[in-house]
Amino acid sequence: MARENRRFTWRLALLMLVLALSTGGIVVRLVQVQILDHEYYAQKAEEEHLHRTVARAPRGAILDRNGFPLATTVAAFDIYIDPRTWTDASTARAAADTLGPLINREPDDLIAAALQYAEGDYLAARSVSAQVGLELFELAPTGVRLVETSKRSYPEGDLASTVLGFIGRDQVGLAGVEAAYDLELGGQSAEIYFERDGLGNPIPFGKGYGEEPVPGGDIRLTIDRYLQRLVEEKLHDEIERHEAEGGTIVIMEPKTGQVLAMTSQPSFRLSQLDLADEEQADLYRPRAVTDVYSPGSVMKTLTMAAGLDLGLVTPGTTYFDSGQAEVPGEGGEPIENWDFSAHGTTTMTELLQYSLNTGAVWLARLIGAESFYEYVEKFGFMDSTRSGLGGEPEGIVRTYKDDDWYPVDLATNSFGQGISVTPLHMVTALSALVNGGLLMQPYVVSEVVDESGRRTYEPVVVRRVISEETSSTMVQMMNAVVDGVPTHGAQVPGLSVGGKTGTTTFENSSRTIASFAGFAPVEDPQFVILITIDWPKTDSLGGAVAAPIFRDLAPKIIAYLGAQDGDIALVERAP
Amino acid sequence: MAILDRTLATPASKAKSQLRLVPILVLACGAIAVIGLLRIVQTSQATTAGFAMTALQQEKLELETSVTQLEAEVATLSSIERIEREATRLGLEAPAGVSYLEVGAIWPGETSQVLPARFAPKEEDQVDGSPDNSGWWQDLLKQLPFY
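Those protein sequence lines, which keep their order, are chains A and B.
Heads up: the first sequence is residues 1 to 575, going by this note's numbering.
Heads up: the second sequence is residues 1 to 147, going by this note's numbering.
Within a straight-line C-alpha distance of at most 30 Å, the following computed DSBU-like cross-link-like pairs (lysine-lysine) qualify: (1) A:Lys234 / A:Lys556; (2) B:Lys60 / A:Lys207; (3) B:Lys60 / A:Lys151; (4) A:Lys234 / A:Lys255; (5) A:Lys234 / A:Lys537; (6) A:Lys556 / A:Lys537.
In short, the hints are calculated from the structure, not lab data.
As the structure is a computational prediction, the values presented were derived from the model and not from experiment.
Model the full structure from these sequences, guided by the hints.
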């Protein structure tokens, strides 16, 4: 009997087999989990305990040329509600009554919205001010969580809106300097991991790693806030006065290419920015940089400079103005002067003073198509200006090398029709006319200061366009255009100035662009300004619309720039 | 005999060893209690420090927020618009017109500017230490009436 009990039965064998297989399975699984897939499960466990958060780098400020902030970053808070803590009606009511008025929301709406939100925390308000945030820290309503964020603040209001641009909700620059210098301004965000408890709070002395975010750098512009405000207000007033569609004013320091002020209308207001409004999208671009126009008679100054520089004419050289200029081989209408006048024997200076189309055509033919377009290229119209702002186009110029070019193009291009450039192109070329003949690269950012140090942008000479002598002659001739014509609208009492009017016309349309390009003082040009008024209704001519704007602005600009120099000199010379 | 001695000695040594064991156990318990207490104190301190850290982080955040808020306020107060508003409030206004006067005088250059005599340094006799190198014939020439 006892022997039978010790017998190795099939049942026992089966049981042992099952046990052995089970044990073996467990062992195999343990080997797989703890040895083979160790990394994977270790990571999963870490993810469960560690919380990942992104620490945003504070965005740098944008300053004007004197260091006054035009755009800064201020602290703000996103307000979240944890719906699980608002299940008790009285608690939710008390918290909503505290929170609602501070974020301009009805308490009932807040409770309903939060309790409907099943997953995670409910975002009750985005980017509320620091003041509200600090108040909520004090009041600490139940279930309300504040997450630190930031938002842009504009101490000068809507000043230079198209130049500055704006950022999106993700703190990335979307337009203007904000977009063009996003890398410098944005800094580097950092991912931070920390061990958290069951409630999601960081465990003191728990495991944690990550780097500190690198703050964004500050950018100093070449724009002067005083001049910017001056031209913005003036442009706004003049557009209203002339019932115009829009306009542009650009002021440049001719010796360096620094843009001192740049404004265009229509544009947007930083204080009323609404990215959801598609109608606003057309207002974001800095039109002085992105939009092309035909410069009209302002172009005659460049044609004249080319003729002088080639030694083909002098200010006293004459041609006979019959009032019409035939364009050979075209069979079309002859080109006439803007006022249908004829002046007989006319000097080159008078050509500019009376803004004679026939003279420009005569001169362009004398120069020849090849040389004329060489100068157009040298003045930078075939390329973008590379000012550093986005969306800069090249000029639209048909040359004799193009299949669709005709001799009439040379004729019309000589007085600024059939050729399109941006206002920035034009003011840069005009700067070369008066600064001794050097084409400077325009720029709006003069300095970047960040963690790595200070980076300064120096003036860049692109090329010599005309000789110093030609430049000096052009300054005198453009002075004669304004001060030499007794009734010229751009004359400034007590100040010798130079300039040229322009009126861009459009085929089969009464629309014009009235413009004036000027500089002052003649002895040593401190600034070049280009003014364009798009489709003025009260008058159509540059001399009547744009030149008086120069007359009003020039003395203020000179007084301001002069005052600055005086102050600096006084400090330097004090004993 | 030896066996007998061993038999007789056993209860006494047992009692002795029991006597020695008690203080050891007491000491061990005490040590465990002290270690436990230290551990509790340490954990308590860590928790307290954790709360303090959270509070300090909150305070830091609030202070940083205040700083940026104040910086923005300073920037806004120094804006041109505000300066103009304050100037207007104080009764100042922009000049209505500018008159230019043409003066028929030459602008004084730096070199031609002369200080009033009372401010100018007193002229002193120039002392020239260098020997007179003129020759006898030059001295003779100087004596001539038309020289």
